[in-house]
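J.: Each chain is listed here by its residues.
There are 2 protein chains.
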Amino acid sequence: MTTFWDNRFAQRTQLMKGSAIRELLKFVEDPEVISFAGGMPAPDAFPIKEFTDACNRVLKTQSSQALQYGSTDGYLPLREMIAQQSKRYGIEVTPENILITSGSQQALDLLGKIFINPGDHIVVENPTYVGALQALNAYGAEYIPVPTDEEGMVTSELEKSLRSSPKFIYVLPNFQNPTGVTLSFERRLQLIELSEKYGVPIIEDDPYGQLRFEGDNLPPIEVLDSQTRAQGGCYSGNVIYTSTFSKTLSPGIRLAWVIAPPEVIHKLVLAKQGTDLHTATFNQMIAYEVGKNGFINEHVKYIRKIYKERRDVMLDTLEEHMPEGVKWTHPEGGLFLWMTLPECIDSRELLTEALKFKVAFVPGCSFFADGSHPNTMRLNFSYASPDLINEGIGRLAKAIKQFIAKDKKA
Amino acid sequence: MTTFWDNRFAQRTQLMKGSAIRELLKFVEDPEVISFAGGMPAPDAFPIKEFTDACNRVLKTQSSQALQYGSTDGYLPLREMIAQQSKRYGIEVTPENILITSGSQQALDLLGKIFINPGDHIVVENPTYVGALQALNAYGAEYIPVPTDEEGMVTSELEKSLRSSPKFIYVLPNFQNPTGVTLSFERRLQLIELSEKYGVPIIEDDPYGQLRFEGDNLPPIEVLDSQTRAQGGCYSGNVIYTSTFSKTLSPGIRLAWVIAPPEVIHKLVLAKQGTDLHTATFNQMIAYEVGKNGFINEHVKYIRKIYKERRDVMLDTLEEHMPEGVKWTHPEGGLFLWMTLPECIDSRELLTEALKFKVAFVPGCSFFADGSHPNTMRLNFSYASPDLINEGIGRLAKAIKQFIAKDKKA
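Top to bottom, those sequences are chains A and B.
By numbering that gives the first Met the number 0, the letter at position 163 of the first sequence is numbered 162, and the numbering carries on one by one without gaps.
By numbering that gives the first Met the number 0, the letter at position 189 of the second sequence is numbered 188, and the numbering carries on one by one without gaps.
To be clear, the hints were calculated from the coordinates, so they are not data collected in a lab.
Any given hint could be a false lead.
Because identical chains share one entry, a pair is satisfied inside a single copy or across any pair of copies.
With a straight-line cut-off of 20 angstroms between C-alpha atoms, the simulated DMTMM-like cross-links for lysine to aspartate or glutamate are [claimed, not checked]:
hint: 1; residue 1: Lys59; residue 2: Glu49
hint: 2; residue 1: Lys304; residue 2: Glu91
hint: 3; residue 1: Lys326; residue 2: Asp386
hint: 4; residue 1: Lys59; residue 2: Asp43
hint: 5; residue 1: Lys300; residue 2: Glu156
hint: 6; residue 1: Lys48; residue 2: Glu31
hint: 7; residue 1: Lys326; residue 2: Asp72
hint: 8; residue 1: Lys159; residue 2: Glu141
hint: 9; residue 1: Lys16; residue 2: Asp72
hint: 10; residue 1: Lys196; residue 2: Asp5
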């Protein structure tokens, strides 16, 4: 039956799909389910005291500004702080290169809004962040998926995808969501070389870069790109970089940022004006108060410690419990690892089984722009405590074994 | 010179224009300028103590939830509170009819996203809220402006615009931005009748409805529409209602809501997922804590008192200082009044003159979808103190008189 509204919705709504992850959240509400599904930070790592102090300070001394409308580009001291902190990773920018957004998701939405005409091609890692697909789908993006392996996007397979003049290359270089893998140094260089050769901009989405547990930090693509260009004597970056406070302070305050050339920032500001005027002034001032004296760098050390322990527990219990034929990545940081099951298993069907065992994960195919690889899944190790990870992986292994046994019988 | 980026931006970016109001904000930074330009609430009416208490309570007892990711539709207790408070205005809804948005601007953006195909016609009041034009422009909306007078949209002129099958009618019924006028009861009924006859939905944008200083509240269009339908024995509202906490609590927390049939809310939720995942959990919980015990209704009485005084001062000083040929509206609530100058005056040119006298306003033509009526302007009376309003209107009158004198000479 067609209702009053059905034929009034815009065509683009047919391209909008709900996130499997967010739909899974309803199962997670069952307190007995151990969830490896979300991408949620550990709540025990939220800096509650610092937030409380910051709220009190801001409301006591700057309430007229904090509770009032603000500028679309963002609170200047916060942008200055981000510029300052970016230097630690070699990113040399001024506040005019920075736009504050309401979470990274909004950064992706605004980038879609200013760049994508319906039918434009976007190069993505296969698999890639499902939220990026959701954001860009609404603008009619079409995807050219490039395979990934343990070193990230297989850049030797990239060149042919650039010949169709894609609008940009979207890449998560560090502890990628969903696979947990990191783009190697050599491939970063090759990515930049190809991006330059074909004149295709790169969007570098880096929510997890600061959460490295071991090994050396790799330079951001933005930095390598600038260095290459500086040697050529002509600086004009074509990398747009985005990061967030969601994984270092709190996702519930919805604060992230985009770093880009001023002319791109200008267009993003125009788009953001029409989209939500500006990001909450209050939240921006709180984040600045919490972060201004170098607190974030100290706090991140604590988060790394917690997450490393949880990753280790997950890797150990996977090793202990998983049946033959199941493989997984060994991320050096971030929040996720990626599991590949025997090809006969569809992880969506497995999820139904796993929920009976009171354990949840995200089936992998949502992360593939082409919907392939049903035998994969994403496991989050940041949210559940080590004990629960231990218990949950045990349950998951039982579910998988039972599923395989049933499959053999059938 | 064409840069690397120029030919990479999407076509829709050509439709995005900066808001004259936000560009004016830079003048307002000059502390000597008395600004009637913004739409800013009085900072002395921000409930600082209540915010401080709420922050402390939420962070003390619910930090794990407040700083974490939340659901896209919004914090359930806040939606319950809004449903409860809407009853006061006769709006009977449950939380499933409510979506929390990051300010009303986001509500407009999401409505554009789910409804507008490029080239779709939207019926708007002439003049209308410039932020709505900005939000909808990005989706390729085209406008059918309907004239307004002291009773709001001239509904007798509406019918012909409905024959071209517009996507919806966008209307601000109470103390409209920019004119300050209120849609009369008779016209509300006529609007609904025509909307029903032609099957065109109405978007009722009501940020100021609670800020009535005198006279009786008029029923929301949503309520009148439901009553009409209920009499016909078949409830299926085709009014989408939106309001905000920006004018009753604080605009700096960016919190608003949409009330709509569940199938529209469902599409809005899908769109919001891709746009910014969800509105800051922290802010939603703070607003709930501040508002849960009926505080908002009490606080609004205080705001009304302040704004009524300021409106009165503005009306009195306008009466006292303005030269012949200048007219203005007499709003019974809200934040704005509307001034019409002799036809020979272009208020954009007048603004240059006025800024020399250190007073600012918004030239009226930005609010007209067809860019007409250069001899109009919007004056805000909520932000400046009564003394400054007195002084500022004096300055503005001098600027106008000087402008007219020059004009006569030329």
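J.: Against this structure, judge whether each hint is valid.
T.: Hints and how they fare:
1. For the homomeric pair lysine 59 and glutamate 49, the shortest alpha-carbon distances inside one copy (15 angstroms) and between copies (12 angstroms) are both at most 20 angstroms.
2. When the C-alpha separation of lysine 304 and glutamate 91 is checked against a cutoff of 20 angstroms, the pair qualifies neither within a copy, at 28 angstroms, nor between copies, at 50 angstroms.
3. Taking the closest pair of Cα atoms, lysine 326 and aspartate 386 never come within 20 angstroms of each other, the shortest separation being 22 angstroms inside a single copy and 73 angstroms across copies.
4. Taking the shortest alpha-carbon separations for lysine 59 and aspartate 43, only the inter-copy value of 13 angstroms comes in at or below 20 angstroms, while the best intra-copy value is 27 angstroms.
5. With identical chains, the CA atoms of lysine 300 and glutamate 156 are never at most 20 angstroms apart, being 36 angstroms at best within one copy and 65 angstroms at best between copies.
6. In this assembly of identical chains, the alpha carbons of lysine 48 and glutamate 31 never lie at most 20 angstroms apart, being 29 angstroms within a copy and 39 angstroms across copies at closest.
7. Taking CA atoms no more than 20 angstroms apart as the test, lysine 326 paired with aspartate 72 passes in neither setting, with 44 angstroms inside one copy and 36 angstroms between copies.
8. Within a single copy, lysine 159 and glutamate 141 get their C-alpha atoms as close as 16 angstroms, which meets the 20 angstroms cut-off; across copies the closest is 40 angstroms, which misses it.
9. With identical chains, the CA atoms of lysine 16 and aspartate 72 are at most 20 angstroms apart between copies only, with a shortest distance of 15 angstroms across copies and 29 angstroms within one.
10. Proximity of lysine 196 and aspartate 5 under a CA criterion of 20 angstroms is satisfied inter-copy only: 18 angstroms between copies versus 46 angstroms inside one chain copy.
Hint violations for this structure: numbers 2, 3, 5, 6, 7, all remaining hints satisfied.
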